[in-house]
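Enquirer: The chain contents come next:
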Amino acid sequence: MTDKIILKKEEGRLNITFNNPDKKNALTSDMYSLASNEINKAESDLSVSVIILSGSGGNFSSGNDLFDFINDPYNPSVINFLESISSSSLPIAAAVNGVAVGIGATMLLHCDFVYSSPDTYFSFPFIDLGLVPEAAASLLLPKLVGHKKASELLMLGKPFYSEEALEMGFISKICPEKDLLDEVNNLANLLTTKPRESLCLTKKLLCTEEESVTDRMAREHQKFRDLLGTKNTQNIINAILNKKKNK
Amino acid sequence: MTDKIILKKEEGRLNITFNNPDKKNALTSDMYSLASNEINKAESDLSVSVIILSGSGGNFSSGNDLFDFINDPYNPSVINFLESISSSSLPIAAAVNGVAVGIGATMLLHCDFVYSSPDTYFSFPFIDLGLVPEAAASLLLPKLVGHKKASELLMLGKPFYSEEALEMGFISKICPEKDLLDEVNNLANLLTTKPRESLCLTKKLLCTEEESVTDRMAREHQKFRDLLGTKNTQNIINAILNKKKNK
Amino acid sequence: MTDKIILKKEEGRLNITFNNPDKKNALTSDMYSLASNEINKAESDLSVSVIILSGSGGNFSSGNDLFDFINDPYNPSVINFLESISSSSLPIAAAVNGVAVGIGATMLLHCDFVYSSPDTYFSFPFIDLGLVPEAAASLLLPKLVGHKKASELLMLGKPFYSEEALEMGFISKICPEKDLLDEVNNLANLLTTKPRESLCLTKKLLCTEEESVTDRMAREHQKFRDLLGTKNTQNIINAILNKKKNK
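Residue numbers (my numbering), protein chains in the order written: chain H, 100 to 346; chain G, 100 to 346; chain Y, 100 to 346.
Keep in mind that a hint or two might mislead.
As the list claims (entries may be wrong) - Mimicking EDC-like on lysine to aspartate or glutamate, the simulated pairs with C-alpha atoms at most 20 Å apart in a straight line are:
#, chain 1, residue 1, chain 2, residue 2
1, G, K330, H, D167
2, G, K343, H, D227
3, G, K330, H, D171
Claimed, not checked - Now the in silico label distances, taken between C-beta atoms and shown as ranges:
#, chain 1, residue 1, chain 2, residue 2, range
4, H, K346, Y, P172, 35 to 43 Å
5, G, S311, H, K140, 22 to 30 Å
6, Y, K257, H, E109, 20 to 28 Å
7, Y, N334, H, L340, 53 to 61 Å
8, G, E263, Y, K330, 34 to 42 Å
9, H, E266, Y, N288, 34 to 42 Å
10, Y, K277, G, L289, 33 to 41 Å
11, H, N139, Y, D281, 50 to 58 Å
12, G, K342, H, K140, 35 to 43 Å
Honestly, the hints are just simulated from the structure, not real lab data.
Even glycine gets a Cβ: it sits at the ideal position worked out from N, Cα and C.
Construct the complete structure from the given sequences, taking the supplied hints into account.
Expert: Structure, rendered in structure tokens:
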């Protein structure tokens with residue numbers, strides 16, 4: 100039996116690949132459990148700075164396995180998976196091609212960087228299945244693209260492609276399919292060069308939305324001061340000042 | 100006396116037309132009361148799936164009747180009308196042409212789909228009247244178009260046209276004036292083909308903004324599971340699976 | 100000793116100019132204290148309707164003085180300055196050229212109008228200093244430009260220029276450098292012609308984000324009704340009605 104989730108860890112990157120290519124990487128309970136388990140473990144693994152999601156066989160994911168919807172509708176693994184990616188303090192990058200449908204599209208709202216190939220097909224077909232959006236798409240999509248656009252995508256179930264996705268800010272960048280994984284790995288390598296604590300704190304701040312400006316400023320300031328007092332940060336700033344002096 | 104609000108109900112659509120053409124459909128207390136009454140009634144009317152707002156005589160609405168501002172400034176009908184459109188669980192589409200000024204523009208923030216003709220003139224002239232924005236425009240407009248753009252529109256009272264409105268996400272689509280009502284009716288017909296409960300729940304989710312990601316995911320998930328357990332949804336999914344099997 | 104903050108008050112405008120040109124207007128504790136003091140005082144000064152921020156010598160600001168980060172890291176003047184601009188009820192306009200880095204960029208999130216010259220260099224280099232974003236940038240930037248774009252700017256520390264800044268809604272307008280201050284002063288003059296109470300209330304509403312639609316509508320409505328009852332507003336509306344009658 101082939102592994103439906105392929106894991107690879109190297110140079111600070113944890114690669115998680117959905118591997119159910121016959122069903123365009125439809126996601127089953129087992130796959131959610133495996134993936135969320137790895138994402139949760141990475142939290143305390145100092146050798147990991149970035150998580151990368153991708154799919155094998157030319158597609159990202161066609162969404163939840165429909166047989167699971169019929170046979171095992173109340174399995175908690177989906178919500179556990181969504182919790183693990185939405186609460187991760189590590190930056191998450193996605194390499195998306197082929198189809199990104201249902202949870203294959205909504206999980207991208209919880210990624211910090213999404214690179215996709217030009218022909219990627221995105222859709223949120225929940226309403227046509229008699230369902231509602233999940234993964235906080237009903238909250239995050241209007242924040243990202245505005246209420247009018249989100250209504251089209253979620254109430255009409257209208258599909259869209261990479262160019263429209265980029266324009267509305269749903270993805271970060273369009274890459275030729277042959278370079279897609281390389282470009283995402285390069286991005287991830289760049290992230291691994293950043294001070295890890297700064298990176299994780301910044302990521303967490305970016306993902307917390309419900310807060311007043313004053314409270315947020317106070318919370319940022321606390322982290323800012325803590326970091327400013329560390330040897331690491333003092334060394335970085337002193338190095339910059341010395342460089343300026345010697346110019 | 101002509102009716103200042105024209106009502107038409109057919110094929111799942113409730114059409115509400117502002118009909119005060121001599122004053123470019125300026126809105127009076129009576130008109131607000133009539134409209135909000137119908138919108139509230141539609142909530143429990145299972146024969147209605149979509150509400151359509153439009154104006155007669157070539158304009159959408161020139162805003163609140165200024166005589167009412169002088170003669171009857173504290174009438175609660177305005178806020179009741181705004182409450183009814185902002186709290187409706189039915190999708191609301193608007194067909195907008197001519198002028199959309201003051202509440203004629205701010206009510207569009209509570210519509211899910213806004214189609215407008217190319218020459219439509221939009222403005223929020225509250226500040227030049229010595230007033231402040233209403234209809235939660237001070238909250239919803241910055242969310243939709245960003246703080247800088249909202250400042251221009253609300254602090255300077257700068258008018259704008261359909262092209263700019265589309266670019267900033269304030270409207271959904273520009274249609275030639277002669278096709279405007281047809282296109283909105285077509286959109287509404289499409290919405291009436293969607294499972295009504297999914298549609299209303301999705302609409303409500305899209306209009307609730309103050310919530311954490313975790314809370315929203317949990318709430319979506321509850322509705323998702325409830326719907327997944329219904330015969331209707333099971334039938335839809337089984338039909339898709341059978342179609343796949345027989346391919 | 101030259102003043103590191105230059106103040107000029109005329110015709111309803113308070114101009115605050117950062118004046119530390121040898122260090123591209125790097126900001127020191129003294130400069131923050133002076134500036135926030137003036138911003139706070141303007142709050143109750145009815146002769147001031149608009150605050151204008153700018154820098155001398157061809158730059159806006161290169162950010163916090165790095166020596167201060169080393170020698171005086173826990174000085175409360177930064178957070179006091181940020182509080183004063185984020186809580187001001189007066190509209191704030193900025194004229195930005197040269198470099199706008201660190202707090203020189205994040206403070207712009209609290210300005211209502213930002214005009215910048217074409218070649219202005221913006222960046223949020225916090226992560227590369229081993230720090231986190233401040234000034235509620237981790238909250239306000241994702242709201243303004245979306246999560247994906249904010250991740251690029253804050254996690255990668257990627258710099259950007261005026262054209263990209265305008266496209267993402269971070270600034271209001273690009274002006275040729277030679278006209279920059281004139282254009283901002285013209286904008287400020289226009290703002291001083293607006294009813295001052297309407298202006299300040301509108302500004303405050305635009306800057307309060309955490310609220311339900313219903314609560315916001317109620318709060319706006321209260322202010323709206325209060326203003327509608329004033330002689331000033333009644334006079335404005337009567338003048339418009341008389342003009343219409345006499346047409």
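Enquirer: Each hint should be assessed against the structure and marked as holding or not.
Expert: Verification of the hints:
no.	hint	in the structure
1	K330(G) to D167(H)	holds, 16 Å
2	K343(G) to D227(H)	holds, 16 Å
3	K330(G) to D171(H)	holds, 15 Å
4	K346(H) to P172(Y): 35 to 43 Å	violated, 24 Å
5	S311(G) to K140(H): 22 to 30 Å	holds, 24 Å
6	K257(Y) to E109(H): 20 to 28 Å	holds, 25 Å
7	N334(Y) to L340(H): 53 to 61 Å	holds, 60 Å
8	E263(G) to K330(Y): 34 to 42 Å	holds, 35 Å
9	E266(H) to N288(Y): 34 to 42 Å	holds, 36 Å
10	K277(Y) to L289(G): 33 to 41 Å	violated, 53 Å
11	N139(H) to D281(Y): 50 to 58 Å	holds, 57 Å
12	K342(G) to K140(H): 35 to 43 Å	holds, 39 Å
Comparing the model with each earlier hint shows violations of hints 4, 10; every other hint is respected.
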